[in-house]
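> Read off the chains here:
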Amino acid sequence: MIRWFKPIVFLACLAPLAQLGWKAYNQALGANPIEVITHSTGDWILIFLLITLAVTPVRKLTGQLWLIRYRRMFGLFAFFYAMLHFLTYIWLDKFFDVHEILADVAKRRFITMGFTGFVLLIPLALTSTKGSIRRLGGKRWQALHRLIYFSAIAGVIHYVWLVKADIRKPLQYAFVLGILLTYRIVVWALPKIRAKKTATLSGRRMELPRG
Amino acid sequence: MLIKKAVDIPSSEITPKNVYLNRRKFLAGTIISGAAAVAGMSLRELAEPTNVLKDVSNYNNYYEFSTDKYEPAKLAKDFKTQPWSVTIDGQVKKKQVLDVDTVMKMATPEERIYRHRCVEGWSIVVPWVGFSLSELIKKAEPLPKATFVEFTTVLDPNHMPGQRTGVLDWPYVEGLRMDEAMHPLALLCFGMYGETLPNQDGAPLRIVVPWKYGFKSAKAIVRIHFTDKQPVNTWNKSAPNEYGFYSNVNPNVDHPRWSQAKERRLGEFFKRPTLMFNGYDQVASLYSGMDLKKNF
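The listed protein sequences derive, respectively, from chains A and B. Each residue of the first sequence is one higher than the last, beginning at 1 in the working numbering. Each residue of the second sequence is one higher than the last, beginning at 212 in the working numbering.
If you're looking for bench data, these hints aren't it; they were derived computationally from the structure. Be careful, since some hints might not be right.
Partial chain A-side listing against chain B, Cβ under 7 Å, derived [as the list claims (entries may be wrong)]:
id, residue
1, Gly-30
2, Asp-43
3, Arg-108
4, Tyr-183
Cβ-Cβ distance ranges computed for the label pairs, FRET-style [as the list claims (entries may be wrong)]:
id, chain 1, residue 1, chain 2, residue 2, range
5, B, Asn-369, A, Val-9, 39 to 47 Å
6, B, Ala-450, A, Leu-126, 56 to 64 Å
7, A, Phe-96, B, Asp-502, 51 to 59 Å
8, A, Asp-97, B, Pro-372, 33 to 41 Å
9, A, Gly-30, B, Ala-258, 20 to 28 Å
It should be emphasised that the depicted structure is a prediction, and the values quoted were computed from it without experimental measurement. Cβ atoms here follow ideal geometry from the backbone N, Cα and C, with glycine treated the same way.
Could you put the whole structure together from the sequences, leaning on the hints where they help?
Okay, structure coming up:
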């Protein structure tokens, strides 16, 4: 891929933040700016998690192998927007009231779920370097980074549990996530099913002479 | 005075056509500016600053149009509030169907500046225009059996895109106990900021019950039904464990999913503590002896 493409993608990933900043500067965030910031950063976490999870299937299905070079960046942007989302909550919503935050995390299941999704991303961000892959070993690193599945699931449930009545938008995220996870299950299960089939087929062949 | 003449003589004959077509706005404007002239109303003052009209008319929980609070302002723009009739029925002596213009002229309108607290945790201060709901109720002459009043919002899926979704069970229904409805604070409302009510704020006729969460204040009302049964309000039907019939503003009773102890007043950075009954202590006696945790 062309060398200047990566910085462009990087800047594009910052566009949602730039848009928020621009709107804030122009006082165009509407009647409840903090709510807009919270919802917008929340949306972008889910979008970046889904993009990250889409890299492997798209790469395999289209044969565009270079896509893998963007996966870490997308994943880190998911974490970046998660930090902004979390910061908005502890600062602009709770004003660093630790007592209130802890009560929220313990009592409100949608907060518990969102918090879980965020915490699960922390080790992934910390071990996102090439050095970490070397230190952990490819297999273990990969196993650890499967936490992203659970983080994304937690994120979607957080959204479903948060809305009052209109779950259409969270369900759209759930639908896309469902497809991306189903792909993994199929990829994981298909060789096993095939192996089993071959085993039974060859088993039958073995039986033939006896019959 | 000129306006009185216009009402006596068929307005189509003497009024310029554009004024005739804007009759509703014209009349309402006159009535409402009259309201501003009524002096000595204790409810005209509130120590807290009033929110700007732009916020109040561009941030609306009006699921008939959209579940996105920024959408109703656009989607309700061409909503027709004329002609509009209101059915008054059930346990009353005077069952009738009234034009909303007639309803608006039942009593002298006043401007009332109320706090408005949404169950979601934000609040606004709005100068509403209307008169006590009790004025209409008295004129309807409820029978002794009438212990509850039920309000129904118009069902018009052709013009209310939200009603084409199954997000809530349409039409929207809300209700009050008779003594709540008779409380002088409960407002029958048709204007705000000295003007007719914008469509997205519930035109042409809504109620405002300032000591309850916002969703209790039904918008675009077409029916006022007097009954001996406690109405099943739409949000209660949608999530009975989250939205009760009473839904009084109460900082001590959390919504199951979030705290109600604080609120964000639009336009303010820090959150404010939420007040019991939204600061309207004068309604406390309506609930004496009631467990407000149970009757949330």
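> Which hint numbers does the structure go against, in order from smallest to largest?
Hints 2, 4, 6 and 7 are the ones this structure does not satisfy, whereas the remaining hints hold.
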